[in-house]
Amino acid sequence: MKVVHVYRTYFPDPPGGLQEAIRQIALSTRACGVEPRILTLSPNPVPTELELDEGRVVRARSWAAPASCDLGGLSALKRYRELADWADIVHFHFPWPFADLLHFFGRTKKPAVMTYHSDIVRQKSLGVVYSPMMKRTLGGMSAVVATSPAYARTSPILNAFVAPERLKTIPLGIMDYRADARSASDDAPLMRRLGLGDEPYFLALGVLRYYKGLHTLINAATRVKARVVIAGAGPERERLVSLAREAEAHNVVFAGQVTHEEKVALLTGCRAMVLPSHLRSEAFGMVLVEAEMFGKPIVCCEVGTGTSYVNKDGVTGFVVKPEDPDELARAMGALLTDSALAARMGHAARQRYEAMFSGAALGRAYSELYRNAAAGVK
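Position 302 of the sequence shown, counted from 1, bears residue number 302 in the UniProt record's numbering, the numbering being contiguous throughout.
Treat the hints as calculated values from the structure; they're not laboratory data.
Please note that a few of the clues may not be correct.
[Said to hold, decoys possible] Below, a list of computed lysine to aspartate or glutamate pairs in the DMTMM-like style, where the Cα atoms sit at most 20 Å apart:
1. Lys168 - Glu368
2. Lys263 - Glu368
3. Lys263 - Glu49
4. Lys312 - Asp324
5. Lys110 - Glu368
6. Lys135 - Asp180
7. Lys312 - Glu327
8. Lys2 - Asp119
9. Lys312 - Asp338
10. Lys78 - Glu49
11. Lys263 - Glu327
12. Lys109 - Glu82
13. Lys110 - Glu199
Quick caveat: nothing in here was measured; it's all calculated off a predicted structure.
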């Protein structure tokens, strides 16, 4: 079974949760006998092809990226047609309006499926213009996958444009990489740089974007007697640093972009993961799955998406109201002061990861989806 994934950006360009989600689908299905390739755009597509563990990455030039919508040219269409001819299944990842143009002008003859990662939240004017093409593309899919039951239930687009028999739910997942953990002595330079000792700390991890709710976390941090490490880079960094300074949140540590090894160290050592995202742009939260993999409890917000599906309130952590620093601080405080509670929730988090979000579960689910699409099974 040959599958080509289609999305606007991919590694080694700046990372994000959706790129990691695609990588995990490719890796996990490859373990089930699928041969994946990934078509993407890049502002500097040199080399044009990369051989990675998850499969071959084929890159065309991104000529512009208005409203985070990378646009390609004729070379992108040419590569798309070549890969669609090669593949048994074309796997689109939404949202990316240029992919709708590839689907239309490429005259895709192979069965196509789509993973619907998020509604278009911020670019509402684009959504109005794009709606007819989006409706056509969604209608042409053999199956459309929501990443959680909550998103399938609450997305106005999925409910309006996708027939119930074609709407599937497959949670995102990630292959276990805890074995990458190093010894405590190897991690000492990182801990010294961040001012972290043996005391517990909370971790927020990911690209610093507008919907991450980190302004609420900074506000809450002034009420929490522990370090709060914000690891990642992104367009909101300067604003958040300024906000932390104004709030006198001296316990907030901005780690910047971290390596994979540093991320593993931070996940290994933290008391809990905090994801205070307050908008539906946070459709799932891959970092929550990573926290559960490491057996860490979670604090996140209820925004009607997959975040509160991954993190089961009262079991694997706490789900609080968005943009409520008092409630966020109380949840963090409970995990800080009650180590037995944190350990119990962390154990439940690991069990939930193994049952629902492991690489094996992800690979089985998508391999079955591909087989059904190839056979014309609804």
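Check: Keeping to a limit of 20 Å between CA atoms, is the pair of Lys78 and Glu49 held or broken?
Finding: holds (14 Å)
Check: Regarding the pair Lys312 and Asp338, is the alpha-carbon distance no greater than 20 Å?
Finding: holds (19 Å)
Note to self: So if I understand the rule, the pair passes when the alpha-carbon distance is 20 Å or less; does Lys263 with Glu368 pass?
What the structure shows: violated (32 Å)
Next item on the list: Take the C-alpha atoms of Lys168 and Glu368, compute the straight-line distance between them, and say whether it is at most 20 Å.
Entry: holds (12 Å)
Check: Is it true that the CA of Lys2 sits at most 20 Å from the CA of Asp119?
Finding: violated (28 Å)
Next item on the list: For the pair we were handed, Lys110 and Glu199, check the Cα-Cα distance against 20 Å.
Entry: Distance of about 55 Å is beyond 20 Å: violated.
Margin query: Please verify whether Lys312 and Asp324 have alpha carbons no more than 20 Å apart.
Written below: Holds, at about 19 Å.
Checklist line | Proposed proximity, Glu327 with Lys312 (alpha carbon, max 20 Å) | finding: holds (17 Å)
Check: Does the structure keep Lys110 and Glu368 at a Cα separation of 20 Å or less?
Finding: holds (17 Å)
Margin query: What's the verdict on Lys135 and Asp180, does the C-alpha distance respect the 20 Å limit or exceed it?
Written below: With Cα atoms ~43 Å apart, Lys135 and Asp180 exceed 20 Å; violated.
Item checked: Proposed proximity, Glu327 with Lys263 (alpha carbon, max 20 Å) -> Given that 20 Å is the threshold and the Cα spacing comes to 27 Å, the pair is violated.
Check: Within 20 Å, alpha carbon to alpha carbon, are Lys109 and Glu82?
Finding: holds (12 Å)
In the structure shown, a violation is registered for the earlier hints numbered 2, 3, 6, 8, 11, 13, in ascending order.
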